[in-house]
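**Q** Work the whole structure out from these sequences, hints included.
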Amino acid sequence: MADLALSLAGGEPRPARAAVRKLARHLARILVVVLLGGFLGATLVRVAPGYGVDARELDSRLSAESLRAVRRAAAPREGLLPFYLHFCERLLHGDLGESRLLHMPVRQLVAERFPETAKSVGLGLALAWTAGLGLAAAAVMTCAGGVDLLAGLLASVLVCIPAAVLALLFVIMQAPERLAIGLILFPKVFQYARNLLADAAARPHVLAARARGAAGVRVFLRHILPGAAPQLLALGGVSVSMAFAAAIPVEALCDLPGIGQLAWQAAMGRDLALLVDLTMIVTLLTLLANSAADLAGLGRP
Amino acid sequence: MKTMRAVALVFLAAVLAASIAANWIAPASYARQFRDQPDAAPSAQHLLGTDDLGRDRFSRLLYGTRISLLLAPAAALMSTVLAGAIGGAAGFAGGWIEVCVTAATDLFLSLPWLFLLITVRACLPLNVSPVVSVAITFVLLGCLGWAAAARVVCADVRSFRNSDFVLLARASGAGGARLLMRHLVPNLAPVLAAQFWISIPVFILTEANLGILGLGVAEPLPSWGSLLRELESFSAYSAQPWLFAPLLLLVLTVSSFQIVLHNEEVAG
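These protein sequences, in sequence, are chains A and B. Read left to right, the first sequence gives residues 0 to 300 (numbering that gives the first Met the number 0). Read left to right, the second sequence gives residues 0 to 267 (numbering that gives the first Met the number 0).
Hints were generated in silico from the structure; no laboratory data involved. Possibly wrong hints are sitting among the right ones.
Keeping only pairs whose Cα atoms sit at most 20 angstroms apart, straight-line, the calculated SDA-like set for lysine to any residue is [to be verified]: (1) A:K187 to B:I197; (2) A:K187 to A:A292; (3) A:K187 to B:W196; (4) A:K187 to A:Q230; (5) A:K187 to B:L251; (6) B:K1 to B:L11; (7) B:K1 to A:S155; (8) B:K1 to A:L152; (9) A:K187 to A:L126; (10) A:K187 to B:L108; (11) A:K187 to B:Q257; (12) A:K187 to A:Q107; (13) A:K21 to A:K187; (14) A:K118 to A:L284; (15) A:K118 to A:Q107; (16) B:K1 to A:G151; (17) A:K187 to B:V259; (18) A:K21 to B:N262; (19) A:K187 to A:L152; (20) A:K187 to A:G151; (21) A:K187 to B:N262; (22) A:K187 to B:V250; (23) A:K187 to B:L11.
The structure presented is a predicted model; accordingly, all values stated were derived computationally and were not measured.
**A** Written out as structure tokens, the structure is:
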């Protein structure tokens, strides 16, 4: 990121131009993906069975005339494209609509629940990366295969357990539920990080540094880690997306009032507009995380 | 490593065989309720006890294994065929088709997998018959799981398109269909097979997640996901370790797939 800031600030014209081009490409990609995703989301809402149906139609007290009036009022008046344009127009004005399930503006729901998810996702990512990268580094740097074997075994077992079961196990054991996200992400972070660091450690310049007698920590920090940094940063971006996905079962089953639980409630209550809004918000966040990780790796070898 | 692979393969074969033979092995139907024995502990009659409706857990585990273990490969096949068709067409055609497919793949990969699944699942009717819920769950997995594989296939076809043997074939007058069927598809087979095998454990775990969240296979049909829902009622005080039997089977099955895949990867 510092490299990007330096190149954006002036200094050398070519890297700066390349950085701006890359930034523009990323923004354009995010815009295209969000517009496409919005269109798909609007399509899903518009064509889903039950769109334009009012629950009052099931009220047996209503007369035939009242039922006709209810149906007329609820009937979809616009086609797919006008519906999407209307959807985009509302989004541009910061209006995310209202939740049919919770009878509250989606914006307010997201504002209330997002801090909870941010806390869970942040803690989970911190745990997964500390344990995953730490054990991967230990596995690559130590000559004894014990660390590698044990950490590998732990990761292999955890990767075979569904995220929802891990969340349930945390509830059963009355353990801090937020840490479940960390445990769900740990195997992926460990396995990828271990392979990346092992690849970097086998490069000739690392072997040369070792042959010259450089100490283990120095070799790791000066030669191995920088070599694997771009891929590790990309993995960091991807892990944000995985953490948000893991937040659904964890928050739903551990009763944490965050975005994940809201998405699950919206799915169970078929509040499609709310669900699509949440998916769009999470997609935007993961795209931003991926782009930030990609741009942070800019200029690195 | 070879021994581990052999053990994993034997275990997978045994589980598959037991689930296929569920009609003969299971002591009762998955839906039969022994109303006088709800929540019974394991016994000679009910090897894993009964659930709160008096249904034999062992029978439900066998039938549930059949559904999860047979339909996950079906969904994996569907997603691999889709990935092959979409990625293959994009890589072969190039140009704007490849750009569009890449954008669509980016979109699918940017959406957190579980968010995408529950969004699309919620758009379909939730109150459906058990058989329809099975079809919806696995067709959904098949239809939404193609993106990562399509990207790999697209990259491979692109590299094949520019390779010497394809240029030679073109130079000797081979048309598009012949190039595709005689030169590209046979070379893609190992990639597609790898994507198929990789998808199976992923889909098994995803079905389990959906089932626990109540968005998977509907009752009374059992699947690993719906069987694992019983863990919600597990309490450390009333310790019933046999409730963990579906989890143990699932973990062992997915581990076996991982061992086989890892060995293939090392061998390849």
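**Q** Take the hints in turn and mark each one as holding or not.
**A** Verification of the supplied hints:
1. A:K187 to B:I197: Since the Cα atoms of K187 (chain A) and I197 (chain B) sit roughly 15 angstroms apart, the hinted pair holds (cutoff 20 angstroms).
2. A:K187 to A:A292: This hinted pair holds, its Cα atoms lying about 17 angstroms apart.
3. A:K187 to B:W196: holds, 18 angstroms
4. A:K187 to A:Q230: holds, 14 angstroms
5. A:K187 to B:L251: holds, 19 angstroms
6. B:K1 to B:L11: holds, 15 angstroms
7. B:K1 to A:S155: At roughly 18 angstroms apart (the allowed maximum being 20 angstroms), S155 (chain A) and K1 (chain B) satisfy the hint.
8. B:K1 to A:L152: Cα-Cα ~18 angstroms, so holds.
9. A:K187 to A:L126: With a Cα-Cα distance of about 13 angstroms, the restraint between K187 (chain A) and L126 (chain A) holds, given a limit of 20 angstroms.
10. A:K187 to B:L108: This hinted pair holds, its Cα atoms lying about 16 angstroms apart.
11. A:K187 to B:Q257: holds, 13 angstroms
12. A:K187 to A:Q107: violated, 34 angstroms
13. A:K21 to A:K187: This hinted pair is violated, its Cα atoms lying about 28 angstroms apart.
14. A:K118 to A:L284: holds, 15 angstroms
15. A:K118 to A:Q107: Holds: K118 (chain A) and Q107 (chain A) sit about 18 angstroms apart, inside 20 angstroms.
16. B:K1 to A:G151: holds, 18 angstroms
17. A:K187 to B:V259: Given that 20 angstroms is the threshold and the Cα spacing comes to 18 angstroms, the pair holds.
18. A:K21 to B:N262: Since the Cα atoms of K21 (chain A) and N262 (chain B) sit roughly 39 angstroms apart, the hinted pair is violated (cutoff 20 angstroms).
19. A:K187 to A:L152: holds, 13 angstroms
20. A:K187 to A:G151: Between K187 (chain A) and G151 (chain A) the Cα gap is close to 11 angstroms, so the pair holds against 20 angstroms.
21. A:K187 to B:N262: OK: K187 (chain A) and N262 (chain B) at ~19 angstroms, within 20 angstroms.
22. A:K187 to B:V250: Holds: K187 (chain A) and V250 (chain B) sit about 16 angstroms apart, inside 20 angstroms.
23. A:K187 to B:L11: With a Cα-Cα distance of about 24 angstroms, the restraint between K187 (chain A) and L11 (chain B) is violated, given a limit of 20 angstroms.
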